[in-house]
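If you're matching them up, the sequences are chains F and C in order.
Just so you know, we're using numbering that gives the first Met the number 0 here: the first sequence kicks off at 0 and counts up by one.
Just so you know, we're using numbering that gives the first Met the number 0 here: the second sequence kicks off at 0 and counts up by one.
Errors might be hidden in some of the hints.
Computed, partial: chain F to chain C, Cβ under 8 Å [unchecked claim]:
(1) N102
(2) K132
(3) L158
Rather than coming from a laboratory, the hints here were simulated on the basis of the structure.
Here a beta-carbon is modelled for each residue, glycine too, at the ideal position from N, C-alpha and C.
2 protein chains.
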Amino acid sequence: MKIIRSTTVMQEKMIKISKSESIGFVPTMGYFHEGHLALMKQAAEDNDVVVTSIFVNPLQFGPNEDYEQYPRDEEQDIRLAEQAGVDILFIPSVKDMYPTKMNITLSVEERANVLCGRSRPGHFEGVITVLTKLFNIIRPNKTYFGLKDAQQVAVVDALINDLNFPIQLIALPTIREHDGLAKSSRNVNLANDERSQAVWLTKALEHGHQLVVDGEQNPAIIVKEVIDVINRETSGTVDYVEMLSYPELQSVSTIKNNVVLAVAVQFKRARLIDNIIFNENGKLIRQFY
Amino acid sequence: MKIIRSTTVMQEKMIKISKSESIGFVPTMGYFHEGHLALMKQAAEDNDVVVTSIFVNPLQFGPNEDYEQYPRDEEQDIRLAEQAGVDILFIPSVKDMYPTKMNITLSVEERANVLCGRSRPGHFEGVITVLTKLFNIIRPNKTYFGLKDAQQVAVVDALINDLNFPIQLIALPTIREHDGLAKSSRNVNLANDERSQAVWLTKALEHGHQLVVDGEQNPAIIVKEVIDVINRETSGTVDYVEMLSYPELQSVSTIKNNVVLAVAVQFKRARLIDNIIFNENGKLIRQFY
Numbered sequence: 000m001k002i003i004r005s006t007t008v009m010q011e012k013m014i015k016i017s018k019s020e021s022i023g024f025v026p027t028m029g030y031f032h033e034g035h036l037a038l039m040k041q042a043a044e045d046n047d048v049v050v051t052s053i054f055v056n057p058l059q060f061g062p063n064e065d066y067e068q069y070p071r072d073e074e075q076d077i078r079l080a081e082q083a084g085v086d087i088l089f090i091p092s093v094k095d096m097y098p099t100k101m102n103i104t105l106s107v108e109e110r111a112n113v114l115c116g117r118s119r120p121g122h123f124e125g126v127i128t129v130l131t132k133l134f135n136i137i138r139p140n141k142t143y144f145g146l147k148d149a150q151q152v153a154v155v156d157a158l159i160n161d162l163n164f165p166i167q168l169i170a171l172p173t174i175r176e177h178d179g180l181a182k183s184s185r186n187v188n189l190a191n192d193e194r195s196q197a198v199w200l201t202k203a204l205e206h207g208h209q210l211v212v213d214g215e216q217n218p219a220i221i222v223k224e225v226i227d228v229i230n231r232e233t234s235g236t237v238d239y240v241e242m243l244s245y246p247e248l249q250s251v252s253t254i255k256n257n258v259v260l261a262v263a264v265q266f267k268r269a270r271l272i273d274n275i276i277f278n279e280n281g282k283l284i285r286q287f288y
Numbered sequence: 000m001k002i003i004r005s006t007t008v009m010q011e012k013m014i015k016i017s018k019s020e021s022i023g024f025v026p027t028m029g030y031f032h033e034g035h036l037a038l039m040k041q042a043a044e045d046n047d048v049v050v051t052s053i054f055v056n057p058l059q060f061g062p063n064e065d066y067e068q069y070p071r072d073e074e075q076d077i078r079l080a081e082q083a084g085v086d087i088l089f090i091p092s093v094k095d096m097y098p099t100k101m102n103i104t105l106s107v108e109e110r111a112n113v114l115c116g117r118s119r120p121g122h123f124e125g126v127i128t129v130l131t132k133l134f135n136i137i138r139p140n141k142t143y144f145g146l147k148d149a150q151q152v153a154v155v156d157a158l159i160n161d162l163n164f165p166i167q168l169i170a171l172p173t174i175r176e177h178d179g180l181a182k183s184s185r186n187v188n189l190a191n192d193e194r195s196q197a198v199w200l201t202k203a204l205e206h207g208h209q210l211v212v213d214g215e216q217n218p219a220i221i222v223k224e225v226i227d228v229i230n231r232e233t234s235g236t237v238d239y240v241e242m243l244s245y246p247e248l249q250s251v252s253t254i255k256n257n258v259v260l261a262v263a264v265q266f267k268r269a270r271l272i273d274n275i276i277f278n279e280n281g282k283l284i285r286q287f288y
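Input sequences plus hints: build the corresponding full structure.
Shown next, in the form of structure tokens:
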């Protein structure tokens with residue numbers, strides 16, 4: 000596995016590679032868990048060359064968010080990426096990615112003003128700006144994201160379609176701990192009691208899903224029940240529970256086509272998210288490939 | 000010369016071509032004059048394959064601007080492009096470029112809030128949005144612009160640098176009529192008396208430049224003299240005369256490095272722009288290559 004830290008070197012190399020080989024790209028902020036590794040492994044199955052980037056992007060963190068305390072372990076990431084079949088690990092510096100103040104900014108309207116976008120203003124603007132840069136540097140044929148951040152997948156879908164990136168978006172299932180908690184780099188920031196409570200995010204979503212399977216069609220009722228479960232079973236503060244059309248992320252009065260039921264809960268040092276996607280019959284949608 | 004109207008067909012074709020040949024791209028709104036043709040001819044000298052696009056982009060016209068009356072002559076454009084050495088003429092429809100409401104928007108800060116950007120809010124946002132789409136569809140190695148719209152060149156320079164497009168920006172000299180008037184598709188909308196007055200935009204800029212050559216360093220004095228000449232010699236209304244650093248487009252108190260002296264004048268049915276770029280010694284800068 001090759002490690003490249005310079006954007007210029009990377010771009011020149013990728014231009015050459017793209018002439019003869021297919022490229023799969025897994026953008027990450029590092030501190031790999033099995034969710035990341037599943038994306039890399041799938042990329043290795045699908046493409047000639049697998050590129051993973053590690054870049055904790057300051058642009059997508061708000062002033063009061065956890066940019067500084069976001070967990071980092073480059074040495075372990077290098078080892079894990081190599082094992083997962085990554086060919087090129089791209090680890091640019093902030094200074095190389097943002098050498099001067101950005102004059103051009105990207106913004107996203109409808110899909111960003113709900114869920115995490117509401118409590119994290121500017122977050123998805125930062126995400127799509129860095130992704131546009133990375134897409135232009137790496138020129139992938141396919142890019143891989145985990146559905147744990149379903150809103151991010153929806154926003155990247157809009158980015159690729161609206162701006163005609165010749166890239167196929169692959170969204171893979173959320174990887175979970177044995178008890179069901181969605182894997183997240185932020186889980187290490189949970190206190191012990193919070194860790195055992197955190198599984199209730201998933202259980203609450205499953206409860207909401209079961210209501211739909213049992214015939215409930217009113218989003219307000221489902222959302223309320225999910226909130227009640229989380230409030231009863233955890234010490235965290237509910238940031239949101241929402242049920243929206245997917246991937247359009249519009250509010251729905253009844254369930255048609257795909258919807259996402261999503262939750263964010265703030266614990267003391269970690270804000271966790273989780274979601275479940277299903278259609279009007281309650282059939283679970285685990286990936287978009 | 001091949002004519003392609005579908006974005007999908009175009010993108011697939013260009014992905015293939017880019018694997019083995021260098022691509023020069025001239026984005027236009029059509030109604031070709033010698034300015035456009037000079038860009039195409041240079042692109043043909045520099046690259047294996049020359050692509051020109053014709054797309055009157057509704058996104059870059061304000062509600063009270065001349066989108067509808069912007070001149071169009073596809074038949075003549077096809078003939079001229081072929082003569083100029085274009086290999087592929089890309090003529091997408093509005094519906095194919097914007098099949099749904101755009102969710103992602105690009106904006107530009109510092110370089111857009113002066114000159115034409117001030118009187119045409121949203122104009123450069125529209126320009127960089129459509130260019131990002133076209134760059135992703137066409138994947139050029141080099142892209143060609145005329146310096147007649149010096150602000151557009153500055154904004155495209157920011158777009159390419161900020162978002163890491165692997166594209167070299169080539170800015171070529173303004174092509175002029177025999178009397179000095181900058182060639183423009185909008186010149187056909189000038190009344191007869193306006194056409195003979197219009198040369199005074201150029202003459203006024205040359206007068207401003209001569210002041211610098213003669214030792215004047217105060218932008219305010221130079222700008223005032225240029226405005227006086229235009230007001231005296233034309234029936235048009237001065238939209239702006241500004242002298243700014245180039246390509247940063249920051250206001251300057253004295254001339255250091257490159258500056259642009261730029262003018263926009265509104266005639267009855269045509270709004271004309273022109274500019275002149277020079278350094279602190281008055282040396283003219285005619286192209287960026």
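Results for each hint:
1. The beta carbon of N102(F) comes within 4 Å of a beta carbon in chain C, closer than 8 Å, and the hint placing it at the interface holds.
2. With its C-beta approaching chain C no nearer than about 5 Å, K132(F) sits inside the 8 Å limit, and its interface hint holds.
3. Given hint, L158(F) at the interface with chain C, holds; its Cβ is 5 Å from that chain's nearest Cβ, closer than 8 Å.
Of the numbered hints given earlier, the model fails none.
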